[in-house]
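Read off the chains here:
2 protein chains.
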Amino acid sequence: MKRPNMSSNKLSHHTERQKESQINHPSFSSIVKALPATVPFVPPEEMERQTGHSIRLRLGANESNFGMSPKARQAMEKAVGKSYLYGDATSYDLKGELATLHGIRTDQIVIGSGLDDLLGLIVRTFLNPGDAVTTSLGGYPTFNFHVQGYGGVLHTVPYQDFRNDLQGLLQKAHDTHSRILYLANPDNPTGSWWGAEAIGELRRSLPKGCLLLLDEAYIDFAPLDTIWPLDPSDPQVIRARTFSKSHGMAGARIGYAFANQETIQAFDKIRNHFGVNRAAQAGALASLQDTAFQRMIMKEVAKGKEEYATLAAELGISTLPSATNFVAFDMGTPKRAKLAMDTLWKQGVFTRVPGAPPLNRLLRVSVGTPVERSEFARILQEVVPTLS
Amino acid sequence: MKRPNMSSNKLSHHTERQKESQINHPSFSSIVKALPATVPFVPPEEMERQTGHSIRLRLGANESNFGMSPKARQAMEKAVGKSYLYGDATSYDLKGELATLHGIRTDQIVIGSGLDDLLGLIVRTFLNPGDAVTTSLGGYPTFNFHVQGYGGVLHTVPYQDFRNDLQGLLQKAHDTHSRILYLANPDNPTGSWWGAEAIGELRRSLPKGCLLLLDEAYIDFAPLDTIWPLDPSDPQVIRARTFSKSHGMAGARIGYAFANQETIQAFDKIRNHFGVNRAAQAGALASLQDTAFQRMIMKEVAKGKEEYATLAAELGISTLPSATNFVAFDMGTPKRAKLAMDTLWKQGVFTRVPGAPPLNRLLRVSVGTPVERSEFARILQEVVPTLS
Numbered sequence: 014m015k016r017p018n019m020s021s022n023k024l025s026h027h028t029e030r031q032k033e034s035q036i037n038h039p040s041f042s043s044i045v046k047a048l049p050a051t052v053p054f055v056p057p058e059e060m061e062r063q064t065g066h067s068i069r070l071r072l073g074a075n076e077s078n079f080g081m082s083p084k085a086r087q088a089m090e091k092a093v094g095k096s097y098l099y100g101d102a103t104s105y106d107l108k109g110e111l112a113t114l115h116g117i118r119t120d121q122i123v124i125g126s127g128l129d130d131l132l133g134l135i136v137r138t139f140l141n142p143g144d145a146v147t148t149s150l151g152g153y154p155t156f157n158f159h160v161q162g163y164g165g166v167l168h169t170v171p172y173q174d175f176r177n178d179l180q181g182l183l184q185k186a187h188d189t190h191s192r193i194l195y196l197a198n199p200d201n202p203t204g205s206w207w208g209a210e211a212i213g214e215l216r217r218s219l220p221k222g223c224l225l226l227l228d229e230a231y232i233d234f235a236p237l238d239t240i241w242p243l244d245p246s247d248p249q250v251i252r253a254r255t256f257s258k259s260h261g262m263a264g265a266r267i268g269y270a271f272a273n274q275e276t277i278q279a280f281d282k283i284r285n286h287f288g289v290n291r292a293a294q295a296g297a298l299a300s301l302q303d304t305a306f307q308r309m310i311m312k313e314v315a316k317g318k319e320e321y322a323t324l325a326a327e328l329g330i331s332t333l334p335s336a337t338n339f340v341a342f343d344m345g346t347p348k349r350a351k352l353a354m355d356t357l358w359k360q361g362v363f364t365r366v367p368g369a370p371p372l373n374r375l376l377r378v379s380v381g382t383p384v385e386r387s388e389f390a391r392i393l394q395e396v397v398p399t400l401s
Numbered sequence: 014m015k016r017p018n019m020s021s022n023k024l025s026h027h028t029e030r031q032k033e034s035q036i037n038h039p040s041f042s043s044i045v046k047a048l049p050a051t052v053p054f055v056p057p058e059e060m061e062r063q064t065g066h067s068i069r070l071r072l073g074a075n076e077s078n079f080g081m082s083p084k085a086r087q088a089m090e091k092a093v094g095k096s097y098l099y100g101d102a103t104s105y106d107l108k109g110e111l112a113t114l115h116g117i118r119t120d121q122i123v124i125g126s127g128l129d130d131l132l133g134l135i136v137r138t139f140l141n142p143g144d145a146v147t148t149s150l151g152g153y154p155t156f157n158f159h160v161q162g163y164g165g166v167l168h169t170v171p172y173q174d175f176r177n178d179l180q181g182l183l184q185k186a187h188d189t190h191s192r193i194l195y196l197a198n199p200d201n202p203t204g205s206w207w208g209a210e211a212i213g214e215l216r217r218s219l220p221k222g223c224l225l226l227l228d229e230a231y232i233d234f235a236p237l238d239t240i241w242p243l244d245p246s247d248p249q250v251i252r253a254r255t256f257s258k259s260h261g262m263a264g265a266r267i268g269y270a271f272a273n274q275e276t277i278q279a280f281d282k283i284r285n286h287f288g289v290n291r292a293a294q295a296g297a298l299a300s301l302q303d304t305a306f307q308r309m310i311m312k313e314v315a316k317g318k319e320e321y322a323t324l325a326a327e328l329g330i331s332t333l334p335s336a337t338n339f340v341a342f343d344m345g346t347p348k349r350a351k352l353a354m355d356t357l358w359k360q361g362v363f364t365r366v367p368g369a370p371p372l373n374r375l376l377r378v379s380v381g382t383p384v385e386r387s388e389f390a391r392i393l394q395e396v397v398p399t400l401s
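Listed in order, the protein sequences are those of chains A and B.
Under this note's numbering, the residues of the first sequence are numbered 14 to 401, in order.
Under this note's numbering, the residues of the second sequence are numbered 14 to 401, in order.
FYI, nobody ran anything at the bench for these hints, they're computed from the structure.
A portion of the hints provided could be inaccurate.
Identical copies carry no separate label here, and so any pair may be met within one copy or between two of them.
[To be verified] DSBU-like cross-link-like pairs, simulated, lysine-lysine; straight-line CA separation at most 35 Å:
id	residue 1	residue 2
1	K351	K282
2	K348	K282
3	K221	K282
4	K282	K359
5	K95	K84
6	K316	K95
7	K185	K351
8	K46	K312
9	K359	K91
10	K282	K46
11	K359	K95
12	K221	K46
13	K359	K221
14	K359	K185
15	K91	K316
16	K359	K316
17	K84	K185
18	K312	K282
19	K95	K351
20	K95	K221
21	K351	K221
22	K282	K95
23	K46	K316
Next comes chain A alone, as it looks inside the complex:
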């Protein structure tokens, strides 16, 4: 391989000086210039490098530690062998499967390289700089990151009893003339949820021209009556989902959204058409078809949540009901929550505590495998008595 540039950073001083006189820094866009340096999440690998602690129990990113369906894994491994070819930019097979499964049309579906990618696309499609957006205070940081990244203005509504305040969100969306109302249902980071009836009522009360963006990353874990009937013909609703949670494919980067056909066409005007990798498309298709594996995951996660609740009760801590694959332990105060997270971290247990009040007294713990759960129980039993 040709690499004559390997030592190219060793420019002579003469050249360096010559260059200095010729440099005129290009300006960043107005939006980028105005943004603070921020990242939505510091990845656990970076936290390990920064603190020198290694993770033994990775329970802080709501991944599915049960792994993916063996059939999905096999499909992905097979697709690696063909990964010298670009993947299908239209995700024809996967959209066909999703359409059949949900009784909708393929032109009501968009596939993205993860739900985060789709949140960015949705924000970009609807928002002009300066436009208002309503979300919960302490809601999903990556959504906020995209709103700010496209010059939008965030308006937030505090959680009420650790649930999204639907009335408050509606009121705020009306008051601020919001273009988007974002709701994660079931919710991250609390695990709480609203039933189909409440969501229907929220939809009916939306301000004119306001988009209801439902982030349904955790919908597969929710009670049946949480799932509001799909109606992609409604241009005021987008429902975004992912293969990262129940399908255990977080590292594969693939998600999807249901939307009105006209909205899907608008996405096509700007989306990164060849962005979804080939193996992820194959894996997602196989995973959708492996319903037995999905049922097993649902059962395991339900069992794990019960175990966490029992564990917490034994330690005199309460947990929030959860319709997701994680449980929020209410540590009573932000100080105790932070101390618990830090102490666990030093023992190799990765969990998260949200930053915004009142959520900052919650310790969010993903449901791990049975072995991980028993190890977590052992460590938490040691840690809790040491918390002041």
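Since the structure of chain A is already known, use the hints to place chain B on it.
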């Protein structure tokens, strides 16, 4: 798995009517509203579905039909097993390897889910709506797609003798106060290239505050003297590269760019941090380390280009010199080029003809494997005499 929404499209007529009265279409952003419905490339799978012809020889997307390094493939297959976990959002290992290889710092590197993703990121970072951008007429469509998708204004300069017209591009960038001057070097779709000296001169003559965006997707195939020394400290230059071409990982979706540290920090303010899939990161790292495989690919591609040139000469066609993994056959007229492409397509051979003059008389053919090349030769020998 819970899917009560499978029949949810069957809303009652009563509900449909109720809903109609409540719908207020949210508006798309001003930029999206103004955009025509367009996609940068119709994928070959979609062309197959539309025409009913199956591809036997896939030589139209400049993929590397030699496949990826067996070591990269193994690393990717192994990483699939861990793909229930998010990949490292900082791509620490891969950036470290690239930094070592090129003698630069990791804070001068950004990793994206393919070069297309990075082109979008770069445009978004530097461009305000209405800002001017200079590129060649008939240059890479996906770059143009991103410029228009962020509201930029494209100014184009025709190719001269099937090469990018550096003087013309410079003049246009000056005249239009362009914020970005885009140059693919080596070039797609012509395969032509400029040497390091010409690029250095272009850099020195850039308008103040104009960014030189070098798309170096094909740089690994270029003669040594094409490779302009790397200097990521220069804020006016970004060099974008990919694992899709010489590394044979198009379907894995991973690319990188070298830029000034301040620019990398700006990217971090808006990029999709968890967008690069886990398997691609592992594969890219392994591929970089497999230099023997890289050398083999270079040799094979060089041999294939010679074969194509000989084939063309035998058929009375000329080919353009190429510093890439494809060869542009000059069919003499746009009509002959189009006819050749269509006739080949009906025989299962996927090639491309650029849309813009004077490039629209070129038939662009990726270098295939020896078997593919001999099959292509056989078919082209049949097709050429039938062209009017």
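Legend entry - Identical-chain pair category, K359 with K91, by Cα at 35 Å: between (39 Å within a copy, 29 Å between copies)
Legend entry - 35 Å Cα threshold - placement of K316 relative to K46: neither (48 Å within a copy, 48 Å between copies)
Legend entry - Intra- versus inter-subunit Cα pairing at 35 Å for K95 with K221: neither (47 Å within a copy, 45 Å between copies)
Inset, instruction - Have a look at K84 and K185 and pick one of within, between, both or neither, based on CA distance no larger than 35 Å. - result: The answer is neither: 45 Å in one copy and 54 Å across copies each exceed 35 Å.
Inset, instruction - Check K282 against K46 for me: Cα-Cα at most 35 Å, and say if that holds within a copy, between copies, both or neither. - result: Cα proximity of K282 and K46: in one copy and across copies (26 Å, 9 Å).
Inset, instruction - Give the relationship of K95 and K351 under a CA distance limit of 35 Å: within one copy only, between copies only, both, or neither. - result: Answer is between: at 29 Å across copies they meet the 35 Å cutoff, but 46 Å inside does not.
Inset, instruction - Using 35 Å as the alpha carbon limit, work out where K359 and K316 are close: within a copy, between copies, both or neither. - result: Cα proximity of K359 and K316: one copy only (27 Å, versus 57 Å across).
Inset, instruction - Up to 35 Å between alpha-carbons, please classify K348 paired with K282: within, between, both or neither. - result: between (48 Å within a copy, 29 Å between copies)
Inset, instruction - Please work out whether the CA atoms of K351 and K221 approach to 35 Å or closer within one copy, between two copies, in both situations, or in neither? - result: neither (41 Å within a copy, 49 Å between copies)
Inset, instruction - Check K46 against K312 for me: Cα-Cα at most 35 Å, and say if that holds within a copy, between copies, both or neither. - result: Result: close neither inside a copy nor across copies, 48 Å intra and 46 Å inter.
Inset, instruction - State whether the alpha carbon distance between K185 and K351 is at most 35 Å within one copy, between copies, both, or neither. - result: within (30 Å within a copy, 57 Å between copies)
Legend entry - Intra- versus inter-copy proximity for K46 and K221 (alpha-carbon distance at most 35 Å): both (32 Å within a copy, 18 Å between copies)
Hints 8, 13, 14, 17, 18, 20, 21, 23, counting from the list given before, are not met by this structure.
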